[in-house]
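The hints should help you fit chain B onto chain A, whose structure is shown.
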Amino acid sequence: MASMRDIKRRKGSIQSTQQITKAMKLVSTVKLQRSKAHAEQTKSYFSCMYDTVKSMIVKAGALDHPYLKTGASDKKAVVVITSNRGLAGGYNSNVVKLITRGELAEQKENLIVHAIGKKGRDLLARAGYQIAEKDYSEVIEEPTYVEAMKLAEELLKSYMDGEIGEIYLAYTYFKNTVVHEPKLLKLLPVSLEDVTDGGEEGKDAEADKAMMNFEPEADEALNLIIPKYVASLIYGALVEAVASENGARMQAMDSATSNAEEMIGKLSLQYNRARQGSITQELTEIIAGAEAIS
Amino acid sequence: MAEDNRFVIKIITPDRVFYDGLATMVEFNTTEGEVGIYKNHIPMTMIIKPGILYITDGDEQKMAALHAGFVEILKDQITILAEIVEWPDEIDLNRAEAAKERAEKRLSEKDPKTDIARAETALLRSLARISTIR
Chain A
4 MASMRDIKRR KGSIQSTQQI TKAMKLVSTV KLQRSKAHAE QTKSYFSCMY
54 DTVKSMIVKA GALDHPYLKT GASDKKAVVV ITSNRGLAGG YNSNVVKLIT
104 RGELAEQKEN LIVHAIGKKG RDLLARAGYQ IAEKDYSEVI EEPTYVEAMK
154 LAEELLKSYM DGEIGEIYLA YTYFKNTVVH EPKLLKLLPV SLEDVTDGGE
204 EGKDAEADKA MMNFEPEADE ALNLIIPKYV ASLIYGALVE AVASENGARM
254 QAMDSATSNA EEMIGKLSLQ YNRARQGSIT QELTEIIAGA EAIS
Chain B
36 MAEDNRFVIK IITPDRVFYD GLATMVEFNT TEGEVGIYKN HIPMTMIIKP
86 GILYITDGDE QKMAALHAGF VEILKDQITI LAEIVEWPDE IDLNRAEAAK
136 ERAEKRLSEK DPKTDIARAE TALLRSLARI STIR
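In order, the protein sequence lines correspond to chains A and B.
For this note's numbering, count along the first sequence from 1 and bump the result up by 3.
For this note's numbering, count along the second sequence from 1 and bump the result up by 35.
For the record, the hints were derived by calculation from the structure and aren't laboratory data.
Any given hint could be a false lead.
Said to hold, decoys possible - Covered by chain B, according to a simulated footprint, are these stretches of chain A (three or more residues, beta-carbon under 8 Å):
hint, region
1, 21 to 35
2, 216 to 223
3, 226 to 236
Predicted, not measured: the structure shown is a model, and the values here were computed from it.
Glycine included, each C-beta is placed from N, C-alpha and C at the ideal position.
For reference, chain A alone in the conformation it holds in the complex (with noise of 0.2 Å):
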């Protein structure tokens, strides 16, 4: 059996660590709420952006556009959004898993990971990935469209240049506050199968706009519009990263503490009983000497 000692230790190496768990869960707690209204607010930009790119993908199905095919080259470009920080749970590897493990586990040699969060991009370096040079990790921490949209800008250079022949976007969706799914998202060629995904509502889209002009020319108009698209939609998934990081950090914090405090009761335990064995053993050892003596 442990000593005392070793057990009063144990414990209070514990509380320690819960007393960090729990400053952890509040501080999350707070950014959460932050980066919850912000995901909230702009979650009406992003689907009424995506309405408007459907139903022009709609009209223009036809078109013989660059942005509406594969490009020729293989290579596949990947936005991956993760946090700087750990101890947020499953959080950065159920990301890194959507790349890993999905459909596009097979073309390692194809990808190329623009990562945008240290975990991700340093889980991803040592799998063998190959990682885009340029370091975005920075942009996680207070996601700006301006960020977005100079990435965006770099992607669609690259594409257009031929270099790259898709691009994918892999983030956490924020569901609400227990509820975080990790996501692959195809951003371009943008694609009248993907585009027309949404079931029942998105005949009714369909049927609503078809009637929809255009000022300048559709094609034109997609030339403008597109890069704009991409844009914010990968702003869109960095502002639900950072909601659905703070959310991940809080419940995996919120775990720790109650683990910790689940620990410290077997240990008090331990400890007490300890304690009383302690006491009736040195009981039985004066006693017995009393009876020694005597």
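Same frame as chain A, but now just chain B:
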């Protein structure tokens, strides 16, 4: 019958819902020129160029500087997806003036290295900001 000619206008930016209300007429600048939209316009999507946005509701008129994005016009609703839009009191006049001078200088120098399109957009933006305040 004043109610009949009003329509819903929504102006949404990546960071907030800038405006959500009713109006009788909206005017803004597009790649095809300046336009004014009333109710029952044919459905149309247009690309925005930097300029002043006027929202008229009866006798009331609101102004804002609208810089980039696109507009989706439906019969009784207009949605402006704007990247940047500012009310007059959010604009820093000194900064806009400085930006205007910088852009003008860049354009007049005719340096082959300058990005003409970018400098022009910057000039248009600063002009839109300045004229919104005045």
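Go through the numbered hints given earlier and state which of them the structure violates, listing their numbers in rising order.
-> Those not satisfied come down to hint 1.
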